[in-house]
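A.B. asks: The listed protein sequences correspond, in order, to chains A, B, C and D. Start counting the first sequence at 1; every next residue gets the next number (the numbering used here). Start counting the second sequence at 1; every next residue gets the next number (the numbering used here). Start counting the third sequence at 1; every next residue gets the next number (the numbering used here). Start counting the fourth sequence at 1; every next residue gets the next number (the numbering used here).
Hints are computed from structural coordinates only; laboratory data are not their basis. Misleading hints may appear alongside valid ones.
To be verified - Taking lysine to any residue pairs in the SDA-like style, the calculated list, with each CA pair at most 25 Å apart, reads:
hint: 1; chain 1: B; residue 1: K81; chain 2: D; residue 2: R37
hint: 2; chain 1: A; residue 1: K51; chain 2: A; residue 2: N67
hint: 3; chain 1: A; residue 1: K51; chain 2: A; residue 2: D87
hint: 4; chain 1: A; residue 1: K105; chain 2: B; residue 2: V114
hint: 5; chain 1: B; residue 1: K33; chain 2: A; residue 2: W99
4 protein chains.
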Amino acid sequence: MVEKNKKEHHLKVQIYYEDTDHSGVVYHANYLKYFGRARETIIGIDTIADKWYNEGSTFAVYKVNINYNDGVVFADQLDIKTTWKKDGDYRVVFFHEAWKTNGTKPAVTCTIEVVWLGPKKQLKPIPEFVFLR
Amino acid sequence: MVEKNKKEHHLKVQIYYEDTDHSGVVYHANYLKYFGRARETIIGIDTIADKWYNEGSTFAVYKVNINYNDGVVFADQLDIKTTWKKDGDYRVVFFHEAWKTNGTKPAVTCTIEVVWLGPKKQLKPIPEFVFLR
Amino acid sequence: MVEKNKKEHHLKVQIYYEDTDHSGVVYHANYLKYFGRARETIIGIDTIADKWYNEGSTFAVYKVNINYNDGVVFADQLDIKTTWKKDGDYRVVFFHEAWKTNGTKPAVTCTIEVVWLGPKKQLKPIPEFVFLR
Amino acid sequence: MVEKNKKEHHLKVQIYYEDTDHSGVVYHANYLKYFGRARETIIGIDTIADKWYNEGSTFAVYKVNINYNDGVVFADQLDIKTTWKKDGDYRVVFFHEAWKTNGTKPAVTCTIEVVWLGPKKQLKPIPEFVFLR
């Protein structure tokens, strides 16, 4: 059964020189960084640090689907909108959208499945804090 | 009708400090760089430069699906194996696999759909050199 | 004669997975990104975009000196403190410091000399907005 | 006393989309990645991995000086030329140059001081393999 978290999370991302490539738009791999920043913020950066340093456990990206609908350029500001849900005991699915200011649809959309790994990289049930925050 | 290119392309990638993150494995977004290096090599780096500087046209990534099956660590060497096919007049699909030395299955697999854009970012038929090389 | 700008600029940088390497600290090259974000913000991101798209002119990094005094880890938050001065007609020098929360000295310090380039990459006098903001 | 290693090391770097920024040249921070690849190759990637996993010791960049003389663009190929010397018991200095094909002087030059850190991040004498290889 899918437990839907009704919350939605927003993260602002300023596009700097470092984000772009020579064709003038954001390099396609960089969106995964922005979505990663959102997920780390949602799960809780201090919590992730605590679990890593004290238990050796952390999340891992298992599956990624991205659709690129529109280019984003230097000086743009993105609103990264994220929702998420637990899918069974061992998986959380994050739904990310990158919105340009005044955009009428997301420039980029992404679905990412995340699992939780123990200190020996064994699969563990998703801790509550990952999806309940 | 799908025109299958029978060729397969291999690119070696050495994993350096720059590729890893603090959990000890390759940061998940970086595989898109390795697959991008392979596609640019397959299409032809000098050809891409020529089209960009003389016509203002280039390819763009439209859709990405990635599956992460195994972690890759510092000092590993990856073999990026790529096949590709034309899918209609406006799309080429690349199939990437990242193999560790002595791996029995790919550590990461990825399907990427690429389109071709003219100088005003309008969709153009895929040039022959993109898929026939 | 050196014209000293008395202002100082602060930019917060959250350290995410993307910033670290497998040794557990921020990868040394990434500080140049944080300092770049600060400079772009100081010069004015919309102004840089305007100059680039309308004149084809932009700044370029000419010289960099960095000292690494302390490691920075995942979950740390950095305060990037920047001061700057004009040095002659063709050069602005930026002084960056990366401070950890509760740090007693900067973790990283950096001096960066910047020049201004016209559309044919020719050296041009530094525009006022670069150092007077 | 400075012990000069007479050897020089060369590493080829192909410039891909990932390396460039929207101004059309290689993003200034990325040269540190290329120089890092060279140093890791010189010290020995398998040796670094061995020291890290078995002793928890590794090198750390302590000081960086870079001069940017010429822009490098997409499709360029760089020859990273590196020499190095031990400077006292606790420091090795690497001299990196990035040469474009047919260049008459290096596009970028860089001096990097490296130290060796034990498992508790304490300074240790530079191991022989770092500078004698």
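A.B. asks: The structure should be examined with respect to each hint, and the outcome stated for every one.
C.D. replies: Structure-based check of all given hints:
1. The suggested pairing of B:K81 with D:R37 holds, with an alpha-carbon distance near 22 Å, which does not exceed 25 Å.
2. Taking the CA atoms of A:K51 and A:N67, the gap is near 32 Å; set against the 25 Å cutoff, the hint is violated.
3. Simply put, A:K51 and A:D87 have alpha-carbon atoms about 22 Å apart, close enough for the 25 Å limit, and the pair holds.
4. Annotation: proposed proximity of A:K105 to B:V114 holds, straight-line Cα distance about 21 Å (limit 25 Å).
5. At most 25 Å may separate the alpha-carbon atoms for a hinted pair to count; B:K33 and A:W99 meet this at roughly 23 Å.
Checked against the numbered hints listed earlier, the structure breaks hint 2 alone; every other hint is satisfied.
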